[in-house]
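**Q** So the sequences go chain by chain: A and B.
Here the first sequence stands for residues 1 to 77, numbered as in the UniProt record's numbering.
Here the second sequence stands for residues 1 to 466, numbered as in the UniProt record's numbering.
Just so you know, these hints were derived from the structure itself, not from any lab.
All C-beta atoms, glycine included, are put in the ideal place defined by N, C-alpha and C.
Don't take every hint at face value.
Unchecked claim - Every beta carbon over 12 Å from chain A, so not counted as near; a handful from chain B, in silico:
hint, residue
1, 37
2, 48
3, 313
4, 328
5, 341
6, 357
7, 394
8, 439
Claimed, not checked - Computed footprint of chain B on chain A; a stretch qualifies when at least three of its residues, placed anywhere within it, have a C-beta under 8 Å from a C-beta of chain B:
hint, region
9, 1-15
10, 19-33
11, 37-45
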Amino acid sequence: MSADELTPAQAARWAARTGLPLPADRHDAVAATANHIHSVVAVLRELDFGDTPPAFAYHAGEEKHHAAVRTVSDRSR
Amino acid sequence: MQPFELSLTAAADAIRARQLSPVELVDSVLDRIEKVEPHLHAYVTVTAEQARRAALEAANDAAAGRLRSPLHGIPMGLKDLIDVAGATTSASSRVRAGHRAEADSTVAARLSTAGAVLLGKTHTHEFAYGLTTPQTNNAWNRDRIAGGSSGGSAVAVAAGTATFALGTDTGGSIRVPAALNGVVGLKPTYGLVPRTGITSLSWSLDHVGPITRTVEDAALVLSVLAGHDPRDPASPAAPRADYRPGVAGAGADLAGLRVGVPRNYYFDHVDAEVEAAVRHAIDQLQALGAQLVEVEIPMTRYIQATQWGLMVPEATAYHEQTLRTAPELYQADVRILLEAGQLMPAGDYLHAQRARTLMQQAWARLLDDVDVIAAPTVPATAVAADEETITWPDGTVESVSDAFVRLSAPANITGVPSLSVPVGLDAAGLPIGMQLLGRPLEEGVLLRVGHAYEQTQPVRELAPVA
Chain A
1 MSADELTPAQ
11 AARWAARTGL
21 PLPADRHDAV
31 AATANHIHSV
41 VAVLRELDFG
51 DTPPAFAYHA
61 GEEKHHAAVR
71 TVSDRSR
Chain B
1 MQPFELSLTA
11 AADAIRARQL
21 SPVELVDSVL
31 DRIEKVEPHL
41 HAYVTVTAEQ
51 ARRAALEAAN
61 DAAAGRLRSP
71 LHGIPMGLKD
81 LIDVAGATTS
91 ASSRVRAGHR
101 AEADSTVAAR
111 LSTAGAVLLG
121 KTHTHEFAYG
131 LTTPQTNNAW
141 NRDRIAGGSS
151 GGSAVAVAAG
161 TATFALGTDT
171 GGSIRVPAAL
181 NGVVGLKPTY
191 GLVPRTGITS
201 LSWSLDHVGP
211 ITRTVEDAAL
221 VLSVLAGHDP
231 RDPASPAAPR
241 ADYRPGVAGA
251 GADLAGLRVG
261 VPRNYYFDHV
271 DAEVEAAVRH
281 AIDQLQALGA
291 QLVEVEIPMT
301 RYIQATQWGL
311 MVPEATAYHE
321 QTLRTAPELY
331 QADVRILLEA
341 GQLMPAGDYL
351 HAQRARTLMQ
361 QAWARLLDDV
371 DVIAAPTVPA
381 TAVAADEETI
391 TWPDGTVESV
401 SDAFVRLSAP
411 ANITGVPSLS
421 VPVGLDAAGL
431 PIGMQLLGRP
441 LEEGVLLRVG
451 HAYEQTQPVR
461 ELAPVA
């Protein structure tokens, strides 16, 4: 297990902290699924977002910037 | 030819010419439902008596020369996430037992005003959170998946049990089942068709649009559905338009049109028969005068991460209350995703939102160079109902849901319109779809190209449901 993965007990504590108490028989499965989702989404941490804002509800096609896509590692080059 | 076999366009022409009455058409489709629905399970509910009453009203209006729109008297199904006043919106879930919609969704109201006749509500993968729609069977082979999440709508249109239907699309849920059942599916530009009154899976990725037999049919439905709704924060103030190919642009000649053919991503890990059929269709576009331009799809490493980073926490947020009060009512596959979604940090969600902005900018640059992009809709045809993974020739194993979302997600993330058009069958007789992606609000271009392609092909027949 890598350092950024949740154990079943940690998953249960995190869930409880968000207001979702999990029965004991859910801890293993929720931890495994949460760790899988994390492994997919964590790749976004490579990106250097600069001043890029989020786009929660947007009008498609209205924004047209010409910034190049950069990763965090590009910034140090 | 029986009335249930008619495309929307053909049925509308026949009604306008008084060769066909809405009553005959609706009766024919209801008879078809009675005959084949037991094999398909496309519908949650069929409201036959209401449909017959609406058909009679439409017939009386037609006889008096009052046609409300090209959809006048046309029978259709709505995915059961779409509110119809007084009816249950089941979301194909036990969680919604006893639900009753207080008002029509914007799309249901617009279809009703246009004179369309509601046949019933079609099955979705529970709350649209999945790509198979396990309740429903594929229209071409009942041992294969319908695809999802708008599986009921696509199967009904393919089998002749609805002349058209609406679906929703958060990661491919209109286009995937459309492709797997050999019908046309249009995911419009984000916000163009208002989502007011539709159960959300993920607010910033959800779209609603038509599933039809032909591209021209999709254009007719879009012309009724599109238009500003101040209650949907994504709804653009664009004026209503007529999207029919003959109105929106030139005919079958595609001279001057630049068609982007991806050199990466869209043809990676794609079944050989699917690739061959799509490339053959692209050759047809070239034969119609289009110029093919090789293009590089940007930020592909971040597509799945962005899709999941947006969808997972938004879906969990939508279901926050019922996940606490009645978690046992959800199906196991949906419940676990909703629970795990609770554990995503806000920082990761913001990464996905900001990555979306970057991806939109990169796609805008890409679409400066070409007018449309042509690609497979789904990397494989419909898998068997008990298959959970696809193994690619290089040994890579991919879950069916990951594979089916993979080529659809970019249009959900960026909001660009995407049209799936049938381009043939594989050796097992299962349908293959090609998607055409374009600039925001340029549905007219996609419909023109899709229609031009369809004109080069023999008229498609309904799925051969036993």
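**Q** Against this structure, judge whether each hint is valid.
**A** Taking the hints in turn, this is what the structure says about them:
1. No Cβ of chain A approaches the Cβ of residue 37 (chain B) within 12 Å, the least distance being about 35 Å, so the stated non-interface status holds.
2. Residue 48 (chain B), annotated as away from the interface, keeps every beta carbon of chain A farther than 12 Å; the closest lies near 39 Å.
3. Listed as a non-interface residue, residue 313 (chain B) fails to keep its Cβ farther than 12 Å from every Cβ of chain A; the least gap is roughly 10 Å.
4. With a cut of 12 Å on Cβ distances, residue 328 (chain B) falls inside the contact zone with chain A, its closest approach being about 10 Å.
5. Remark: the non-interface label on residue 341 (chain B) conflicts with the geometry, its nearest Cβ contact in chain A lying 7 Å away (cut-off 12 Å).
6. A cut-off of 12 Å between C-beta atoms contradicts the statement that residue 357 (chain B) is not in contact with chain A; the least separation is 5 Å.
7. With a least CB separation of 20 Å from chain A, residue 394 (chain B) remains clear of the 12 Å interface cut-off, as annotated.
8. The beta carbon of residue 439 (chain B) sits about 7 Å from the closest Cβ of chain A, which is not more than 12 Å, so the claim that it is off the interface is violated.
9. Check on the region 1-15 of chain A: 4 of its residues sit with their Cβ under 8 Å from a Cβ of chain B, so the three-residue criterion for coverage holds.
10. With a threshold of 8 Å between beta carbons, the proposed coverage of the region 19-33 of chain A by chain B holds, since 7 of its residues qualify and at least three are required.
11. Evaluation of the coverage hint for the region 37-45 of chain A: fulfilled, as 8 residues show C-beta separations to chain B shorter than 8 Å, against a requirement of three.
In summary, the structure is inconsistent with hints 3, 4, 5, 6 and 8 from the numbered list given earlier, while agreeing with the others.
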